[in-house]
Every structure is written in structure tokens, then in C-alpha cells.
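Trainee: Using the hints, position chain E against chain F.
These protein sequence lines are chains F and E, in that order. Position one of the first sequence corresponds to residue 1 (this note's numbering), numbered consecutively onward. Position one of the second sequence corresponds to residue 1 (this note's numbering), numbered consecutively onward.
Hints were generated in silico from the structure; no laboratory data involved. Note that beta-carbon positions come from the ideal geometry of N, C-alpha and C, so glycine has one too. There may be inaccurate statements among the hints.
Beta-carbon label-pair distances, calculated as ranges [as the list claims (entries may be wrong)]: (1) F:Thr156 / E:Pro92: 33 to 41 angstroms; (2) E:Leu71 / F:Gly81: 33 to 41 angstroms; (3) E:Asp124 / F:Ala62: 30 to 38 angstroms; (4) F:Met126 / E:Gly410: 29 to 37 angstroms; (5) E:Glu211 / F:Met170: 20 to 28 angstroms; (6) E:Gly121 / F:Glu35: 22 to 30 angstroms; (7) F:Ser32 / E:Phe174: 47 to 55 angstroms; (8) E:Gly352 / F:Asp167: 22 to 30 angstroms; (9) F:Gly148 / E:Val155: 52 to 60 angstroms; (10) E:Gly78 / F:Leu69: 38 to 46 angstroms; (11) F:Glu34 / E:Pro175: 51 to 59 angstroms.
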Amino acid sequence: MSIVRTLSIAVGGALLVGTSALAGPDLGQEASPEEVAAWDISVAPDGATLPPGGGNAQEGAAVYEAKCLSCHGEEGASGEGLADPLVDGIGSLTSEQPMKTVGSFWPYATTLFDYVRRAMPYEAPMSLTNDEVYAVSAYILARNGIIGETDRMDATTLPAVEMPNKDGFMDYSARP
Amino acid sequence: MPLPEKPIPDLERDAGGGLMHRRTFLAGGALAVGASAVAGLPSQASAQGAIGPDQPLWMKTPGAPFRGYGLPSRFEEGVARHILQPYGELSPGAGVSMTPLQAMHGTITPNGLHFNRSHNGVPDIDPDGHKLLIHGLVDRPLMFTMDQLMRYPTVTRTLFIECSGNSFFNSNLFPEAMQVPVGMIHGLVSAAEWTGIPLAILLDEAGIKGEAKWILAEGADAAGMSRSVPIAKCLDDAMIAIYQNGERVRPEQGYPMRLLLPGYEGNMSVKWLRRIKLTDAPTHTKDETSKYTELQPDGKSRQFTYAMDVKSTITRPATGLAMQGPGLYEVTGLAWSGNGSISKVEVSADGGQSWAEAALEGPVLPHALVRFRLPWQWDGGPVVLQSRAHDTAGNIQPNRSDWSRQYAAGQLYHCNAIQSWSIAADGEIKNVYS
Chain F
1 MSIVRTLSIA VGGALLVGTS ALAGPDLGQE ASPEEVAAWD ISVAPDGATL
51 PPGGGNAQEG AAVYEAKCLS CHGEEGASGE GLADPLVDGI GSLTSEQPMK
101 TVGSFWPYAT TLFDYVRRAM PYEAPMSLTN DEVYAVSAYI LARNGIIGET
151 DRMDATTLPA VEMPNKDGFM DYSARP
Chain E
1 MPLPEKPIPD LERDAGGGLM HRRTFLAGGA LAVGASAVAG LPSQASAQGA
51 IGPDQPLWMK TPGAPFRGYG LPSRFEEGVA RHILQPYGEL SPGAGVSMTP
101 LQAMHGTITP NGLHFNRSHN GVPDIDPDGH KLLIHGLVDR PLMFTMDQLM
151 RYPTVTRTLF IECSGNSFFN SNLFPEAMQV PVGMIHGLVS AAEWTGIPLA
201 ILLDEAGIKG EAKWILAEGA DAAGMSRSVP IAKCLDDAMI AIYQNGERVR
251 PEQGYPMRLL LPGYEGNMSV KWLRRIKLTD APTHTKDETS KYTELQPDGK
301 SRQFTYAMDV KSTITRPATG LAMQGPGLYE VTGLAWSGNG SISKVEVSAD
351 GGQSWAEAAL EGPVLPHALV RFRLPWQWDG GPVVLQSRAH DTAGNIQPNR
401 SDWSRQYAAG QLYHCNAIQS WSIAADGEIK NVYS
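For reference, chain F alone in the conformation it holds in the complex (with noise of 0.2 angstroms):
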């Protein structure tokens, strides 16, 4: 901690006593590079966090079988029973019958990346290797016709996936 940051939050604390909450007896340690890095597993449009390593929908479809299709049926369909479609629904959100997978609706691949390695498979989230995610990534966007079977997908070609529903979302972040 600085000294001009000690003086600060001194002179700070003193004037907050009596007047507000807003004082904290300041007990956080000082988080290094190394175990910022570890933790930090959210993966933003950017792609910034995203890490080494990469995969193709070819290799994708092995990993896919082993470990995604028992929920989320052949190549994505889902079915009786069974988890969310991921596949399918492109140029149906205006129709009688707007159906929400992936390809149709995600704004994001990176959004697909990030959560097949936090929460995926269901029973072992965190259990694939990056380059398993990245494969299995590049298999659910080849079966939507977003990219080919052989484009690999790593830290720099997925962010600049375009996902056909990008533009179909209205920000009300800024609503009162």
C-alpha cells in the first residue's frame, strides 16, 4: 500500500467516523498476477481471458459424443427428455414458434466458450481441457452453419465469430 493511499484513507476514515458506513478496516491481501490469473475464468466478447490451445468441429464431434450428447441428443437436436437444443432456429424469433439455441439466438461464441468451461458436462463441470472446450465450441457452431467443420477456434478466431443474432438484443441497462 502506498503511503499517499494510507495518508488518504486515514485522513478518510477519520472524516467518514460519525458521518457514514463507508470504512472498511482495509483487511484484503494484495492478490498476485499469478493468482488473479487462476481465478479469472469469465471470458468476455473480447476474448481477452481466453487461454492457449484450440480445436475444429471434426475434433469437436468425439468430445461432443463422450460428453455432451446423452443431454443434448444427436448433433445438438436435443429431444424427449432431454436438455436445451443447441442447434437450429436461425430466422425463427419472429415467428409464432421463436426458438432459442445457440446458433439462433446467442449474441456471443465467446459466451459458449466461457460457459462449457465453467458449467459443463453437468455432472463434471470443469473437467475438459481448453482445447477440448475449443473443440467442442467449434462442433455446436459448425452444426448451426455458422463456421466449417475444419476452422479451428482459439483465442483469436472466436471472438471474431459472428453470431447471426448480434445485433438482436436492445440495452436497458441505462433504463431508470
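Mentor: The following block gives chain E in isolation, referenced to the frame of chain F:
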């Protein structure tokens, strides 16, 4: 639920269908109600001076000794959350348990009945092995242990939490009204007295960089549930909740700590909080893109719709209960708004043709549940009961058709439509769309 049939003289009619003025019970009605209550006491209490055979068993045997953590009476075992697991055995930890509103009163939800939405089960977190990291666009990334956080100053507030998917049984997902108890329709809202650390204190200690406009909040569950939140909300009234109704937050509500964003859709109040990353833009996680967005008929989806809109429902009479013949009833229910405080609740007993203002039981707190009440003389004929809430931001709860047409087929989030209960002459209560 119902009071015995007993006409009250000098009823003050306030709207059609037998609705009375909200002060009827407090003023002229009080005597009559008191008399009814006395007349309704069990017979053994009126047995003058009897000792022995006429007394209940529990007066003639010693009661149970002490126990460390109390539980409800065994005769209340039927009061339990409604559990829905949409994927069944495929993913048993994905789903909801819902507060049984038809069995409850007051405005605070007991911790064992607070609703729970989880995406891959409730984690069993050892607080000694749990830390909170604050990093990203900060002057210095900070790691906190639970022991350290327990030394921080706290605030205590009574707040509702409502799942964005609450009332999905009345949403566009169900074109026909479903007949389920009110707790299954609206029980993804609960309220508690929450105690926690103002998030602004911790962010200030880390030092917020000028370009930080959002945070990503991440949970330590097997879904790694994560959401983006504007920094303004974090500095306004966000807290890291550690206590729920005076005891440590329950595992289902995020033990050992959760984010709590007053008034915002419950999914954003990330449970099992482990990481806060300050960012210049939203992260666009799975749960703020593919889920928790609202598709309109034009194919565009509303994203980052945070505050839960003004809403109310009558909880008595309501589905899950039955009428017991004509006579005097108290219509009561809950109202809340994520955009401030409830300013008024009206009740209709004629399908919305006329409305009477209900009494609000104070204190009326912002972002909290408010209990409303209104005496009602049911003549035994078929009626449709509704409640309509207003908030201090000027919002009025819409009827279902107006709510519904904003969204595409099958859409369910942010449903705050007026609830209609039809009551038949035989006393059956049904959920209806009107």
C-alpha cells in the same frame, strides 16, 4: 382462513362484489370479529372446571425438553416449498423450490421456506476454504477470507428477492391458465432481513479505476453462475449479505455469502460469491444473453432489464385454499416493487370493473414485501378477485393481456401481470386470465 359467517352491521361498501372499506375491521367490525373468535374456541376450553378426562393429553404429560435448533410443529409438515425440476433426473440440481405463499402470513419468509433457484445444485461450501477476490480495473486486486470479511461494518435491510422467472405459470409460456397453488405461481419471491457489508466499502479499498463501468459477479457453485452489474448499482445499495433473518445465510441462499442487489432480478444477486471483476463493459455471460433476456414479437430482446416491476397478488383467498361458505373474509396479499416503494394497492371483486383501496400494513419499506388487507363480504355468488399495485415511481401493475403482448410466444421473464382468482359458488378457487 375464513372467519365464521356473521354479518356485520353498518358495512361500509367501497367497491362492487362486497368489498368494504379498508378500515372496517379496525373500526366498527372489530367487536363483531372478536365475538366470532370467542364463539369459535374449541369445546374443551368452555368445559367449566373439568379436571381429568376432558383435558387434552398434552396437559397431562411432560412436554419435550430442549433442542438446539428449533423446528416447526410436526403438524405443519405439509407447509413446504414447491419443488420443480424441469430437467428431472438429467440435472436434479437445476430448478426451483418455491415459497408456499398460501400457507403463510406477514411479510418475512422463514429461512427454511425462502425460495431457491439453482442451476447445478446447492454447493456445500466450507467457509474456511472460501475466499472473495476483487480484481480487474482496480488499483490493487484484493483477496478476502471469510474471517476478514466478518470484521467489516454491516448494514441491515428488509428486502425482497424475486426470481426473474417468478409467475411463469401466468406468462406466455402457458397460454391457458394453470391450476396450481398460489405459491407455485408467485412463490419465486421471498423476503428477509439481510445483513451484509456494503459492497462500496470493499470496492473503495481495492480502488476503482476511472474506466470501470461494470462488475462481473461470479458464484462458487457447479454452474459458476455469473452476471454483470453496472458499477452505479454496486456503489449505491449493493451489499454482500452474510446474515439472513439474523442467522448465517442458508446454503440455498448463498452460504457463506451472496451479492444482494435490492429490487433487481434475483439471478443477479449472485450466490456463493467468490469473485468480483471490475470491467469496462458487460461480460455477456450465458445468464444475461441466452437466459434472463426478454424476446419481443419483433425478434429483438430486451437485455439488462434489472428492476423487478411493480406487482401484487392476493394470497388469501387464492389457489391452494378453498372458501368455506358465504360471509366475511379478509382479502390479503403481498405487493412489492423493484422501482421503489408500494404506494397503493387496490382490490377488485368484480373482475376489474370497480376497485377499493386496500390497507397497507406498515412500515412500507422500499424493495420489501408489503402486506395488504381488505374486508370482503362474500355473498356466495361467482366472483373474480384481483389486486393491482402502484409504486412510488408511478408504475401501475398491468393486466395480463397488456403484459403478454409486449413479448413473444413462450416468454416468461419479468411477468408482473395482475393475478385473477375466480371463485365459484361452490367455493372452488381457480386461476383465470382476464
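Trainee: Could you run down the list of hints and mark each one as holding or not?
Mentor: Status of each hint after checking the structure:
1. F:Thr156 / E:Pro92: 33 to 41 angstroms: Since Thr156 (chain F) and Pro92 (chain E) have Cβ atoms about 39 angstroms apart, the given range 33 to 41 angstroms holds.
2. E:Leu71 / F:Gly81: 33 to 41 angstroms: Since the Cβ atoms of Leu71 (chain E) and Gly81 (chain F) sit about 36 angstroms apart, the hinted range of 33 to 41 angstroms holds.
3. E:Asp124 / F:Ala62: 30 to 38 angstroms: Holds: the Cβ-Cβ distance is about 33 angstroms, inside 30 to 38 angstroms.
4. F:Met126 / E:Gly410: 29 to 37 angstroms: holds, 32 angstroms
5. E:Glu211 / F:Met170: 20 to 28 angstroms: Between Glu211 (chain E) and Met170 (chain F), where Cβ atoms are some 24 angstroms apart, the hint holds.
6. E:Gly121 / F:Glu35: 22 to 30 angstroms: This hint holds: roughly 27 angstroms between Cβ atoms.
7. F:Ser32 / E:Phe174: 47 to 55 angstroms: holds, 52 angstroms
8. E:Gly352 / F:Asp167: 22 to 30 angstroms: Check failed, 39 angstroms falls outside 22 to 30 angstroms.
9. F:Gly148 / E:Val155: 52 to 60 angstroms: The hint (52 to 60 angstroms, Cβ to Cβ) holds, given that Gly148 (chain F) and Val155 (chain E) are roughly 54 angstroms apart.
10. E:Gly78 / F:Leu69: 38 to 46 angstroms: holds, 41 angstroms
11. F:Glu34 / E:Pro175: 51 to 59 angstroms: Given about 54 angstroms between the Cβ atoms, the range holds.
The structure is inconsistent with hint 8 alone, although it conforms to all the rest.
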